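Colleague: What follows is each chain in one-letter form.
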Amino acid sequence: MKDSSLKTEIASLKLENPHILASGILDENGYTMKKILEEGAAAVVTKSIGMDERNGYQAPVIADAPAGLINAIGLANPGIESFGDEIAIAKGSNRPVIGSIFASTVEEFANLAIRMQKYRVDAIELNLSCPHVKGFGSEVGSDPDLVEQIVNELKLKVPVPIFAKLTPNVTNILDIAKAAHKADALVLINTVRAIRIDIHARMPVLSNIYGGLSGPAIKPIGLRAVYDVYRETGFNIIGVGGIETHEDAVEYIMAGARAVQIGTALMTKGRKIFGELNSNLLQFMEREGYSSIDDMVGIGVVK
Amino acid sequence: MKDSSLKTEIASLKLENPHILASGILDENGYTMKKILEEGAAAVVTKSIGMDERNGYQAPVIADAPAGLINAIGLANPGIESFGDEIAIAKGSNRPVIGSIFASTVEEFANLAIRMQKYRVDAIELNLSCPHVKGFGSEVGSDPDLVEQIVNELKLKVPVPIFAKLTPNVTNILDIAKAAHKADALVLINTVRAIRIDIHARMPVLSNIYGGLSGPAIKPIGLRAVYDVYRETGFNIIGVGGIETHEDAVEYIMAGARAVQIGTALMTKGRKIFGELNSNLLQFMEREGYSSIDDMVGIGVVK
Amino acid sequence: MITAFIKRKERKTPTVETIYFEWDSGILPGQFVMIWVPGVGEIPMSISHIGREKAFTVKNYGPTSAAIQALSPGDRIFFRGPYGRPFQTVSGRILLIGGGSGMASLHPLINNSSFGLVAARSKEEILFADEFTDENLIITTDDGSEGIKGNVIEGLKKIDLKKFDMIYACGPEVMLYNAYLYFRKIGVNAQLSLERTMKCGIGICDSCSIGGFQLCRDGPVFFMNELEEMQEFGNFKLTYSGKRVKI
Amino acid sequence: MITAFIKRKERKTPTVETIYFEWDSGILPGQFVMIWVPGVGEIPMSISHIGREKAFTVKNYGPTSAAIQALSPGDRIFFRGPYGRPFQTVSGRILLIGGGSGMASLHPLINNSSFGLVAARSKEEILFADEFTDENLIITTDDGSEGIKGNVIEGLKKIDLKKFDMIYACGPEVMLYNAYLYFRKIGVNAQLSLERTMKCGIGICDSCSIGGFQLCRDGPVFFMNELEEMQEFGNFKLTYSGKRVKI
Ligand SMILES: Cc1cc2nc3c(=O)[nH]c(=O)nc-3n(C[C@H](O)[C@H](O)[C@H](O)COP(=O)(O)OP(=O)(O)OC[C@H]3O[C@@H](n4cnc5c(N)ncnc54)[C@H](O)[C@@H]3O)c2cc1C
Ligand SMILES: Cc1cc2nc3c(=O)[nH]c(=O)nc-3n(C[C@H](O)[C@H](O)[C@H](O)COP(=O)(O)OP(=O)(O)OC[C@H]3O[C@@H](n4cnc5c(N)ncnc54)[C@H](O)[C@@H]3O)c2cc1C
Ligand SMILES: Cc1cc2nc3c(=O)[nH]c(=O)nc-3n(C[C@H](O)[C@H](O)[C@H](O)COP(=O)(O)O)c2cc1C
Ligand SMILES: Cc1cc2nc3c(=O)[nH]c(=O)nc-3n(C[C@H](O)[C@H](O)[C@H](O)COP(=O)(O)O)c2cc1C
Ligand code: FES
Ligand code: FES
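Residue numbers (my numbering), protein chains in the order written: chain A, 1 to 303; chain B, 1 to 303; chain C, 1 to 247; chain D, 1 to 247.
Note that these hints are calculated values from the structure, not bench results.
Since this is a predicted model, take the numbers as computed values, not measurements.
Take these hints with a grain of salt, some might be off.
[Claimed, not checked] Below, simulated DMTMM-like cross-link-like pairs (lysine to aspartate or glutamate); rule was C-alpha separation at most 25 Å, straight line: (1) B:LYS269 / D:GLU10; (2) D:LYS243 / B:GLU53; (3) B:LYS269 / A:GLU81; (4) B:LYS91 / B:ASP64; (5) D:LYS243 / B:ASP122; (6) C:LYS7 / B:GLU108; (7) D:LYS243 / B:GLU108; (8) A:LYS269 / B:GLU286; (9) A:LYS91 / C:ASP134; (10) C:LYS243 / A:GLU81; (11) B:LYS91 / D:ASP130; (12) D:LYS246 / B:GLU286; (13) A:LYS269 / B:ASP64; (14) A:LYS91 / C:GLU146.
[Unchecked claim] Facing chain D, according to a computed beta carbon distance under 10 Å, are these residues of chain B, among others: (15) ILE25; (16) GLY30; (17) THR32; (18) LYS35; (19) GLU86; (20) ILE89; (21) VAL106; (22) SER207; (23) ASN208.
Note that beta-carbon positions come from the ideal geometry of N, C-alpha and C, so glycine has one too.
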């Protein structure tokens with residue numbers, strides 16, 4: 001037994017623990033974000049925000065899946081103009097707020113980033129990976145040239161750390177990761193393209209037909225992405241996909257992640273998950289003799 | 001209530017029911033295949049067979065995953081030379097045996113297909129999709145030109161139906177599906193690239209590090225592939241990925257599959273699964289008023 | 001998705017219908033399901049009848065509720081749930097305060113001795129009032145076409161709230177907020193079932209949140225002391241897009 | 001993957017060790033686990049001690065079993081299971097027939113009155129013989145260094161098999177096949193625990209199959225009548241690659 005610390009760093013962003021709320025889950029309302037930070041999350045990523053207000057898709061926007069969930073919220077968001085209030089409320093917690101943005105062009109990404117920065121976010125996460133909205137997300141994020149241009153432009157325009165969130169729905173995620181090499185960290189992974197059909201209704205459940213699969217089902221896919229990218233590049237990585245327990249978080253950290261994000265587990269475990277992860281991870285580290293998160297990063301990777 | 005029939009056809013292959021044993025699961029030993037056909041499978045696909053004997057990877061070759069399984073058997077097989085006996089034993093059941101083959105060049109595929117045909121298989125399935133062996137499977141199957149050459153060459157060389165089994169580990173499965181358009185049917189999907197790390201051993205569980213995720217976890221991913229390809233092309237499709245119940249099978253059929261394959265469910269349900277699927281599917285069809293499988297193919301697809 | 005068949009329907013008001021179906025599930029008063037009409041939409045709906053035979057009582061607001069009312073006996077319904085924290089039941093005298101279709105979620109609480117304060121726009125829209133005895137019922141209508149003319153507060157003023165062991169209320173947020181302020185002034189405890197836009201119903205999308213709580217999961221029923229700390233209650237809500245607006 | 005810590009080890013023969021560990025799981029006689037030595041390999045192993053304290057008894061055959069024996073008390077072990085259909089236990093007199101490390105899987109069946117036929121290559125390799133009373137024990141060794149010189153069948157000939165309520169046997173397939181033929185001739189029932197190459201342990205890879213049955217799941221224990229219909233028993237098996245070879 002020794003004293004262990006949960007602290008970790010991603011680029012210049014200092015975190016009290018490695019557990020961050022993932023984008024799109026309980027992060028549209030400032031009061032909710034504030035509550036989740038108070039529950040123990042080291043930081044929250046906001047819902048992905050675009051230039052204009054979007055209603056997203058008509059419900060049903062979620063469908064069940066084995067050990068997971070399929071969603072097609074459709075990038076519902078109030079538009080960057082209206083989002084400052086929510087960030088201000090969330091920042092009342094004095095913990096980092098990471099602003100997620102989505103767009104279809106370099107210019108829009110830059111525009112959004114500049115405005116997010118004015119709202120005093122602590123980092124900006126680029127959603128290059130939403131799998132279910134035409135013209136955004138993974139359509140942008142599967143083109144290495146476009147990814148490179150967006151990341152490079154943002155690094156020129158805004159001083160806060162830039163995180164690039166990538167899609168697993170590509171033949172080779174390494175190509176995209178390398179294209180985003182100027183980002184301060186990569187966020188791996190977003191959801192996996194998926195469908196659910198109701199055999200009695202005889203049609204897809206989601207009003208948008210397609211959605212993104214999240215939850216434990218995709219954990220082995222997320223781990224593969226983190227492992228691959230870490231082994232080949234050594235980049236800063238934030239792991240996300242199917243994390244429900246501290247063991248899942250450790251698996252991602254040993255595959256190379258310096259922090260992790262939690263999304264769908266809010267459904268299965270509720271907001272209290274952050275407190276549980278923190279105390280269970282600390283116990284694990286003390287029992288196994290790790291003094292810091294850094295001691296564990298990438299140690300599961302076979303060179 | 002009316003009389004329903006489970007019969008279905010894929011190209012010229014007539015099947016008593018839509019439930020086929022997937023390649024790589026309980027299909028290396030002729031006696032096992034024969035037993036599974038006797039249990040009610042409409043057909044079996046053999047383990048993927050190559051030119052030469054291969055031991056595959058050292059155990060551990062499987063690792064657990066949420067609602068699934070990760071495997072890296074490594075294309076263990078006795079080589080085409082030695083496989084005739086097993087097919088002969090399996091064919092004692094008088095039900096179709098589909099020979100699966102893997103190779104890295106067009107010539108080897110042709111060579112294997114010709115020899116499979118001599119063993120009197122009823123169809124040949126091309127494994128263009130194994131995700132965990134370098135130089136084979138999905139490395140071949142993610143190159144549309146190579147896929148097209150292989151399929152076209154085989155259609156010239158062998159008269160039995162040719163099924164092309166595709167990988168979901170690509171940016172756009174439609175491109176590959178279209179390249180394989182001369183195949184008599186497409187088999188969708190093979191496993192999804194994945195990793196499992198043991199946090200106490202501090203290393204990947206599989207001796208090969210990487211493996212392929214199968215089981216219920218990938219059902220929404222397989223359905224997406226079937227739905228997409230069926231909607232865009234109307235090709236004959238055999239659905240595979242995470243099928244455990246007749247509802248799962250119906251979901252695939254409504255997404256456009258004319259038959260389905262079952263693999264990992266043999267682990268959770270045992271060999272008796274085929275009998276159960278047959279009787280439950282028949283009951284469902286009678287209750288819901290479908291007289292044939294054909295009545296259900298693709299009806300869940302929104303045009 | 002759960003499916004069931006509609007057994008029968010009862011028209012309750014010009015806009016409200018009760019739809020009965022068989023569902024073998026233990027539901028508690030105040031819980032709800034998400035009902036899906038394939039090709040139309042999915043909306044939250046309280047289970048108004050929780051015995052062996054289940055029912056919901058739906059008001060025709062817009063496309064999805066209209067599509068539900070357009071279904072016939074024998075038709076299939078699709079839903080998921082049950083969701084939500086139910087009303088906490090107590091022994092003793094209870095007061096039920098329902099505004100409009102809000103009576104639907106209170107319906108399972110009605111018993112021989114319960115007292116009802118039923119509010120509606122007008123006479124035609126009064127819901128479930130016939131299930132209370134005459135001496136245990138007060139009606140208010142906005143237009144005065146029956147009972148007291150005015151809103152729920154006008155009705156509340158006629159009642160000695162202190163004689164009840166628990167007060168239950170459900171209806172539009174403005175009504176609930178005013179009732180809440182009144183209860184606070186009088187100093188009585190109560191359970192209020194709120195409504196917000198709901199997309200997921202399972203506590204992840206944030207569209208139903210109120211002061212950091214997810215109505216679909218932490219609620220829809222909240223106690224007075226919980227409402228106290230919810231900065232947004234009666235004040236702000238987010239629209240379908242997530243835009244903050246005044247209530 | 002389950003993990004536990006080694007408590008202690010006991011050397012049983014020059015090649016065999018019993019390794020004790022704590023594992024809170026209900027194991028039945030004849031069941032096995034897949035033991036993983038990270039970086040080396042994964043192999044099937046019977047649980048030889050199934051009480052509160054568990055143990056397996058491992059013979060040094062090759063790389064993975066050697067690596068297991070190289071572990072020390074306090075070291076972590078990794079395994080998954082328990083797997084397999086156990087021995088069916090009976091009340092009455094039982095005969096246990098073990099060849100080599102085959103005694104490991106029979107060990108949990110040993111009781112005060114059980115009779116043992118323990119076969120080994122030579123004196124040094126005799127396993128668990130000391131757990132039978134002298135009058136209830138026959139030993140055979142291939143080289144005659146102890147007990148009867150010869151194989152198990154030589155020992156069987158000395159025993160009146162009919163007086164046992166059940167016979168249990170475990171060892172190399174050639175031995176088991178000959179025993180099976182002998183039992184059939186005499187007309188007695190028996191349960192035989194077989195061995196085959198195992199990769200998955202959970203009934204999907206086909207590497208352990210025998211006559212259509214998966215040894216890891218339908219077995220490893222089989223009854224006489226089941227062995228009867230297994231065309232491959234004592235005859236053919238598949239190698240690690242899946243190639244059919246004569247046994
Ligand atoms: C816990 C709870 C219990 C309830 N119980 C009952 C009950 O028992 N009885 C009852 O009558 N009512 C009940 N309601 C209210 C009921 O859910 C609403 O009346 C219902 O949502 C109305 O839907 P509609 O489609 O008929 O009408 P509308 O409100 O016109 O349409 C709503 C539909 O459109 C979607 N939508 C809304 N705004 C937008 C937008 N800007 N862009 C795109 N889509 C949008 C919504 O998700 C929904 O699918 C309850 C509500 C809650 C929260
Ligand atoms: C149900 C069951 C219970 C058992 N119980 C016991 C027990 O209690 N005690 C005991 O001592 N033994 C037991 N065994 C036998 C034990 O599992 C083997 O002795 C063990 O597999 C030997 O492995 P090894 O690595 O030490 O030696 P080797 O046999 O030299 O190596 C085997 C290893 O190599 C792999 N391998 C084998 N052939 C090849 C090849 N051609 N190419 C690549 N890899 C290959 C195998 O998967 C394994 O990992 C049991 C076996 C079974 C089936
Ligand atoms: C309901 C829902 C909404 C989501 N919305 C977004 C989003 O707006 N932007 C984004 O980058 N990711 C979004 N995601 C993806 C998650 O941030 C995360 O990458 C993914 O769900 C995998 O993590 P999990 O398994 O922990 O949920 C969403 C996921 C869910 C389930
Ligand atoms: C243990 C195992 C071995 C497999 N081997 C092969 C193979 O040799 N060839 C092949 O085409 N697919 C192979 N597969 C993939 C399956 O045929 C199937 O495509 C996949 O497992 C998804 O179906 P399931 O979820 O029903 O298992 C294998 C799968 C498993 C689990
Ligand atoms: S409806 Fe999604 S959080 Fe409540
Ligand atoms: S070891 Fe794989 S089927 Fe038995």
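Colleague: Does each hint fit the structure? Answer for all of them.
Modeller: We went through each hint and held it up to the structure:
1. With a C-alpha separation of about 39 Å, the suggested pair LYS269 (chain B) and GLU10 (chain D) falls outside the 25 Å cut-off, and the hint is violated.
2. Between LYS243 (chain D) and GLU53 (chain B), the direct Cα distance comes to roughly 8 Å. Compliance with the 25 Å bound is thereby established for this hinted pair.
3. For the proposed pair LYS269 (chain B) and GLU81 (chain A), the alpha carbon gap of about 54 Å is over 25 Å, so the pair is violated.
4. With a C-alpha separation of about 33 Å, the suggested pair LYS91 (chain B) and ASP64 (chain B) falls outside the 25 Å cut-off, and the hint is violated.
5. A C-alpha spacing of about 22 Å is found between LYS243 (chain D) and ASP122 (chain B), which places the hinted pair at or below 25 Å, so the restraint holds.
6. Restraint check for LYS7 (chain C) and GLU108 (chain B): not satisfied, since their Cα atoms lie roughly 63 Å apart, outside the 25 Å limit.
7. This hinted pair checks out: LYS243 (chain D) and GLU108 (chain B) have alpha carbons roughly 20 Å apart, not beyond 25 Å.
8. Pair hint LYS269 (chain A) plus GLU286 (chain B) does not hold up; C-alpha atoms about 40 Å apart against a cutoff of 25 Å.
9. Of the pairs offered as hints, the one joining LYS91 (chain A) and ASP134 (chain C) is violated, with about 54 Å between alpha carbons and a cut-off of 25 Å exceeded.
10. Pair hint LYS243 (chain C) plus GLU81 (chain A) holds up; C-alpha atoms about 10 Å apart against a cutoff of 25 Å.
11. Restraint check for LYS91 (chain B) and ASP130 (chain D): the C-alpha separation of about 51 Å exceeds 25 Å, so the hint is violated.
12. The straight-line distance between the Cα atoms of LYS246 (chain D) and GLU286 (chain B) is roughly 49 Å, outside the 25 Å bound, and the hint therefore fails.
13. A hinted pair counts as satisfied when its Cα atoms are at most 25 Å apart, and LYS269 (chain A) with ASP64 (chain B) qualifies at roughly 22 Å.
14. Note on LYS91 (chain A) and GLU146 (chain C): the hinted pairing is violated, with a Cα-Cα distance of about 50 Å set against a maximum of 25 Å.
15. With 10 Å as the threshold, the beta carbon of ILE25 (chain B) comes within range of chain D, its nearest partner Cβ sitting at about 5 Å, so the hint holds.
16. For the restraint placing GLY30 (chain B) at the interface with chain D, the shortest Cβ-Cβ distance is roughly 8 Å, inside the 10 Å limit, so the hint holds.
17. Restraint check, THR32 (chain B) versus chain D: the minimum CB separation of about 5 Å is within 10 Å; hint holds.
18. Interface restraint check for LYS35 (chain B): the shortest CB-CB distance to chain D comes to about 3 Å, inside 10 Å, so the restraint holds.
19. Here the hint on GLU86 (chain B) is kept, as its CB sits about 7 Å from the closest CB of chain D, short of 10 Å.
20. Interface hint at ILE89 (chain B): satisfied, since its Cβ lies 9 Å from the closest Cβ of chain D, which is below the 10 Å cut-off.
21. Against a cut-off of 10 Å between C-beta atoms, the interface hint on VAL106 (chain B) is violated, since the closest Cβ of chain D lies about 25 Å away.
22. Checking SER207 (chain B) against chain D by beta carbon gives a least distance of about 7 Å; that is within 10 Å, so the hint holds.
23. Interface hint at ASN208 (chain B): violated, since its Cβ lies 13 Å from the closest Cβ of chain D, which is beyond the 10 Å cut-off.
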